[in-house]
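Colleague: Okay, here's what each chain looks like letter by letter:
There are 2 protein chains.
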Amino acid sequence: MHILVINSGSSSLKYQLFAMPSDQPLCVGQVERIGLDGSFVRHQVTGADRLERTEPIADHAVGLQRVLELLSDPVSGVISSPDVIEAIGHRVVHGGESFASATRITPAVKETIKALFPLAPLHNPINYLCIEIAETTFPRATQIAVFDTAFHQTMPEYAFRYAIPEALYRQEGIRVYGFHGTSHRYVSKKAAAWLNKPDAKLISIHLGNGSSITAVRAGQSVDTSMGFSPLAGLVMGTRSGDIDPAVIFHLISRGYSPDDVNRLLNKQSGMQGLTGFSDMRDIRKAMEAGDQAATLAYELYAYRVRKYIGAYAAILNGLDALIFTAGIGENDATMRAMICNELAFLNIYLDPDKNTTSSRQIRDISATDSPVKILVVPTNEELEIAQQSYELLQST
Amino acid sequence: MHILVINSGSSSLKYQLFAMPSDQPLCVGQVERIGLDGSFVRHQVTGADRLERTEPIADHAVGLQRVLELLSDPVSGVISSPDVIEAIGHRVVHGGESFASATRITPAVKETIKALFPLAPLHNPINYLCIEIAETTFPRATQIAVFDTAFHQTMPEYAFRYAIPEALYRQEGIRVYGFHGTSHRYVSKKAAAWLNKPDAKLISIHLGNGSSITAVRAGQSVDTSMGFSPLAGLVMGTRSGDIDPAVIFHLISRGYSPDDVNRLLNKQSGMQGLTGFSDMRDIRKAMEAGDQAATLAYELYAYRVRKYIGAYAAILNGLDALIFTAGIGENDATMRAMICNELAFLNIYLDPDKNTTSSRQIRDISATDSPVKILVVPTNEELEIAQQSYELLQST
Ligand SMILES: Nc1ncnc2c1ncn2[C@@H]1O[C@H](COP(=O)(O)OP(=O)(O)O)[C@@H](O)[C@H]1O
Ligand SMILES: Nc1ncnc2c1ncn2[C@@H]1O[C@H](COP(=O)(O)OP(=O)(O)O)[C@@H](O)[C@H]1O
Chain W
1 MHILVINSGS SSLKYQLFAM PSDQPLCVGQ VERIGLDGSF VRHQVTGADR LERTEPIADH
61 AVGLQRVLEL LSDPVSGVIS SPDVIEAIGH RVVHGGESFA SATRITPAVK ETIKALFPLA
121 PLHNPINYLC IEIAETTFPR ATQIAVFDTA FHQTMPEYAF RYAIPEALYR QEGIRVYGFH
181 GTSHRYVSKK AAAWLNKPDA KLISIHLGNG SSITAVRAGQ SVDTSMGFSP LAGLVMGTRS
241 GDIDPAVIFH LISRGYSPDD VNRLLNKQSG MQGLTGFSDM RDIRKAMEAG DQAATLAYEL
301 YAYRVRKYIG AYAAILNGLD ALIFTAGIGE NDATMRAMIC NELAFLNIYL DPDKNTTSSR
361 QIRDISATDS PVKILVVPTN EELEIAQQSY ELLQST
Chain U
1001 MHILVINSGS SSLKYQLFAM PSDQPLCVGQ VERIGLDGSF VRHQVTGADR LERTEPIADH
1061 AVGLQRVLEL LSDPVSGVIS SPDVIEAIGH RVVHGGESFA SATRITPAVK ETIKALFPLA
1121 PLHNPINYLC IEIAETTFPR ATQIAVFDTA FHQTMPEYAF RYAIPEALYR QEGIRVYGFH
1181 GTSHRYVSKK AAAWLNKPDA KLISIHLGNG SSITAVRAGQ SVDTSMGFSP LAGLVMGTRS
1241 GDIDPAVIFH LISRGYSPDD VNRLLNKQSG MQGLTGFSDM RDIRKAMEAG DQAATLAYEL
1301 YAYRVRKYIG AYAAILNGLD ALIFTAGIGE NDATMRAMIC NELAFLNIYL DPDKNTTSSR
1361 QIRDISATDS PVKILVVPTN EELEIAQQSY ELLQST
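Residue numbers (the numbering used here), protein chains in the order written: chain W, 1 to 396; chain U, 1001 to 1396.
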């Protein structure tokens, strides 16, 4: 069975085709700069050369049509007709309190995704649009939504509520939702299987352009660092993460508009604001060249992760393993070492040699006698979406 | 030697007179509703009846003059003339990065306090005014400033900086300052002495109307939960504590003004927002009567404290004692039990019987074999200010 996974952004459309249940990726690609100058398509069939072509892509409908042509190309294609794709798994950012797992898309589900537009104004509308496009382009496929927020719906109420008037929760939906749920679910499942301990207490540390950290007990999210939006929590490439909310009012009193401050905290803060670079590789280079701002930012980044590890170890009242994942978590051994340094009180001991050995596989980088394991687990959100979609098809 | 301690608010003036170095309080009192209808004075000489009188008090200058009359009253007074007061210790809220300890007030110091008005617009101007009034009312006394922020000036830079553009720190002073420093310093000194361990790793938990938590190593603050302002960190009587900053932009997009949201998070949130009550005694009563919102708020309050305990235990990489202080910390045994529950992974074990025995003394409420001690230490910010003022006079 073929399942196509679609991850749509405001001007992009990423996709991956899987043969299930073998988890085999058949091809992967992306359409970028949709509706902008210089739009292009990148398409890679597993085991073949990558194709990249600059061409005008007016909108997401044109983009998905182009993907279909590539998939079913008589020479280089991987499918004989659109009808062999049994399901399309859509990444949808916000599922609010309505969706705790992968969901078959019906008119009612679409209405609910629409009702959540105010909570994710940049993401849900484009995800919604691409669902409608996919319904037209692949009319025989089952459309399935997999939500970034779904995994965190198991959080207890004392963890997901803010200390603000109750009406703002009941009427406006202001609470912690959490994001990156598909990634946290994927790597924590892998880790629990690796540990052979279904009820494991885990801390999943997703460090990419966006970063978040999740406390997992017996396969369920019990707390996470992103909140009502993806701005809260850890320091990120361009986002501030946690900050005293009074800073916003102070900046407004100094002449900034609310939109200025919103842009500042989302696009010009984080590592970018501290160092001028948002990519951790550039920051490491600057640090090695003696740049003090880069050194401080790197330490500050690690320090915030360390505090969350402590917080989650406390509320889990125990810890079987830390999990590092995503671009920085999987690749930046220096950062992993800085995060795990001097955590003996939490029974966390890194093995420096294992830490610097690189691999694309799940691996344990903790010292042999470390009571808490430290795992590096490559994430794969697309595969997780395909797997959840497959399971949904099997179960109904 | 007599030292008068003054703690001024926008419409109040609290004072306490100490004989030093014996730490003996001679009298304590407050002038309230200054410049408002129904202003009154409350004055209590140690060991005597409390005097309370409603009378018009037009401004802080009239208020302090009234305090002087009460102190030197021929019948009930405790001093023979203003000149026996050798020093006045002023609580000043914000010392910015300029003051890390008690400071003799000079014209230059006054200028610096003035320059910090933008960082503490509600507090520093009134503290400044009362310094000038005291200079007139007690011209022979040495005027000394003791800052709420001073104790936290030892925080490392990776802990006090926010992940925002560096210029906002350098030019606008946006960083973590922390507050309640006088209280955290007082109780952590007491605890280290009680443990007989000057380099103790401590977590000082100040739970009053305002609440904050501080990690202390060898007598120095290394991190604290309040930030640029007293809004951040733990849940408080009417303040939200930590919240995703995006909630502010969302509310503004829904029609709130920035001032509305500022008021909401400072005055209508916290326990007040969750339950309708800001006083923990009312919340406990509601909870015992079966009020579910009160139960949730109580759990949420404890949960946030627990996360900070874990975070600070991690960065201290060890822990000798937790310290509970201030109105809730000293008196609410149920809250202490909820906070310390299931923290075995951090070596924290409460003794339920010791916890419910009340006393006005420093006491250990941990289980006999608990590696981490749990101390209740009554705070006394006024005495700490008197002591710091006394030490400053002795050292110069
Ligand atoms: N070898 C490396 N060392 C350090 N950082 C890396 C390395 N490779 C990738 N990264 C970091 O990973 C980040 C992207 O992570 P990724 O998980 O791909 O992000 P996204 O959140 O967009 O999915 C980049 O910003 C880069 O800083
Ligand atoms: N016996 C008690 N049980 C629970 N809470 C108490 C008790 N006594 C006082 N409190 C709480 O202490 C709070 C005031 O603490 P306090 O330290 O005096 O505040 P402030 O921050 O104004 O100095 C009150 O709001 C009340 O909730």
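Note that these hints are calculated values from the structure, not bench results. Where a beta carbon is used, it is the ideal one built from N, C-alpha and C, also for glycine. Treat the hints with care, as some may be off.
[To be verified] What follows is a set of in silico ranges between Cβ atoms, one per label pair, in the way DEER data are often shown:
#1 110(W) - 1037(U): 40 to 50 Å
#2 100(W) - 1344(U): 45 to 55 Å
#3 263(W) - 1170(U): 34 to 44 Å
#4 293(W) - 1260(U): 33 to 43 Å
#5 193(W) - 1193(U): 47 to 57 Å
[Stated by the list, open to error] Partial selection, computed: residues in chain U whose CB lies under 7 Å from chain W:
#6 1045
#7 1047
#8 1049
#9 1109
#10 1164
#11 1195
#12 1231
#13 1248
#14 1249
#15 1263
Colleague: Of the numbered hints stated previously, which ones are contradicted by the structure, given in increasing order?
Modeller: Checked against the structure, the hints that fail are numbers 1, 2, 3, 6, 7, 8, 9, 11, 15, while the rest are satisfied.
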